[in-house]
Amino acid sequence: MVENSLLDKIRLDLFNYDEKAIKADVEKALEEGSSPLEVIDVLSGCMREIGDKFARLELFLTDLMMAGDVMKVALEILLPKIPKEKISTKGKIVIGTIKGDIHDIGKNIVSAMLTASGFEVYDIGKDVSASKFLEEAEKVKADIIGASALMTTTMPALKDLIDYIKAKNLRNKYKIIIGGGPVTKEYAEEIGADAYAENAVEAIKVIENLIKK
Amino acid sequence: MNSVNFFEVLKRSLSGPLVSEKEFNLMVSKKLKEVVKEYDIKFDGENLVPSDDSLADDVYKAALDFYSEVGTYCMDTERVIKFSEEEIKEGLKNAPHKAFFGEGKEAKTFIPRKPESKEPPWCHVGAGIAVSNEEIHSKLVEGYASIPEADSISVPALAFIESVPIRESPIEFYGALKMLASAKEALKRAGKPGMPILNLVSTAASQIAGIAVSAAQFGLKPSNGWLVPTYPELKIGNNELCKAAYLLSWGANIGAEYSPLIGGYSGGPEGTAVVFVANCIQGILVLKSTYQLAWITNVIDRCSSTKDAIWALAVSGQAISRNISFPLIQLHYQAAGPTTKMLFYEVAAGMIEIVASGQAIETAHPDRAVEIDYVTPLEMKFSVEVAYAATGMKRATANEIVKELLKKYENNIKNAPKGKKYQECFDLKTGKPNEEYLKIYSEVKKELKDIGVPIE
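Residue numbers (our numbering), protein chains in the order written: chain A, 12 to 224; chain B, 756 to 1211.
Do not take every clue at face value.
Just the calculated beta-carbon pair ranges, DEER-fashion [as the list claims (entries may be wrong)]: (1) A/ARG59 - B/SER809: 35 to 45 Å; (2) A/ASN183 - B/ASP1205: 24 to 34 Å; (3) B/PRO925 - A/ASP174: 18 to 28 Å.
The set of hints was computed from the structure by calculation and includes no laboratory data.
Ideal Cβ placement from N, Cα and C applies to all residues, glycine included.
Using the sequences plus the hints, can you model the full thing?
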């Protein structure tokens, strides 16, 4: 059992977004006998705290991104030390901004918050075609596809995405969530999405529920 | 020393330092934190419309330091377009400090104001919110242009053409042509054929469609205004630069459009106020704009009616007014929709903040500007009335009134009432509001008088 002070230090490293320190401290914790799962548990708690602080705008998008990067560094050390059957993520999600739309801050926030919440996130960027969404989802064996549009003129591409997946007879394989400025719950229902969220904070709750279904 | 010209900007977009977009985002965030700390800029929830000139000037200085270090990111070339502090100062000195719009008897000069100015603000009436058909579009434009104090208008976007959704595709071109024909007819009916439209080209969201419908044969004059968007924070693409090149070659008015986000890469309200001013500098140096249209929203509540957004808009507006003096139109996104008292409270808070802080207004943007048909001329008329009532108002008075208004709506921001569509609260034949909406409008005006707004 590792001394609590080292776990506290790891916690602090994450809050300071210090990749170098967390790498050294996680390695030290493992050397001193801490279990990888124990360390992951501490880190997950920190990420939840960071997500909650963002929801209250006590922290911001860059904090989410930097914490996510530091978490990745720690997980790269920890995950190989855990037997495969014991590794659990909340689910895999492919996320992107739809074809024709280059507004990506909302999507970036959702992406960072999902990472903070323990999802395995594959962010495929902005202006992404329907075929690219599906290709990536198939490649990583995703559970969920998340797509956003900020403009009324790009919103129809969300329907294209769902139609494309249907046309490939893969609609039942994925849960699809959509969002973005002009997108509404009614529109999500109309085009056959599984879920909709008004903002990033809600998106995390909705996706957590979606994955349980 | 000459200012950096547009061709030089393009050259820098092809030769500036190479960085990834993520690196640029992180650099923006890091540098903003540094200048906010260095200049000791602090959000104050009790002073939403601050009267402290030194705060405004510090925000300007911070923006100058910040922008000279960070620059503008070209997303297509992954290069940073950078300017030295000397080039920035020279560019700001040589920027057009007034803008000329409109034709005939509607021709006007947009002159920037100062905080607490007794000169009424430039009133840019309307919103680019999408509507479902030409009939509503036409009625809205006629309604906006008929507001006597309107100096320019924003025309709505059309959401459909022949029942086909207008989307990012060549359909946009036909949609935009139809939208322009509708707008021109409506302006004639209002007796104001020369009134400038400053949100060209609504309905054509892609820059290529916007350029196409601006060709000479479609009749638009350069005395209108074309919006060229930039992306949070301080990012631009080749399409936007191409549109600017086209408009500059024609001598048309370019409106730099930007919308910093509280909670995004700029962090809290302090960093967002600084980045707003940096965006203004960018609009002058990179896009060679003659006017600008900008707003701030909070990423969680997605509107501008929150305390932090009001403060950031007030402080940045004052910083620009006092130190750059450039034709800037500020606007607020409201959370509530037409036929609700909450919409009027939010609009009043926004207009009072903008006018007391020395900027020009764009009128209401109900329902976060995203609901099709949820927009009417009545909230636009109300916006102008409040803006005129706030003309000459001291910032300290404005601050107290804004705080009173916040008490009336702040708790409802997250679950704001959606209100009604145009066709549900206006008569499509006469273009007049129904009794219900007029009653709400009159009641809120009375409430405003009770809290010290000298509204007619």
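Do the hints match the structure? See the list:
no. : hint                             : in the structure
1   : A/ARG59 - B/SER809: 35 to 45 Å   : 41 Å, holds
2   : A/ASN183 - B/ASP1205: 24 to 34 Å : 59 Å, violated
3   : B/PRO925 - A/ASP174: 18 to 28 Å  : 19 Å, holds
When the structure is compared with the earlier hints, a violation turns up for hint 2 alone.
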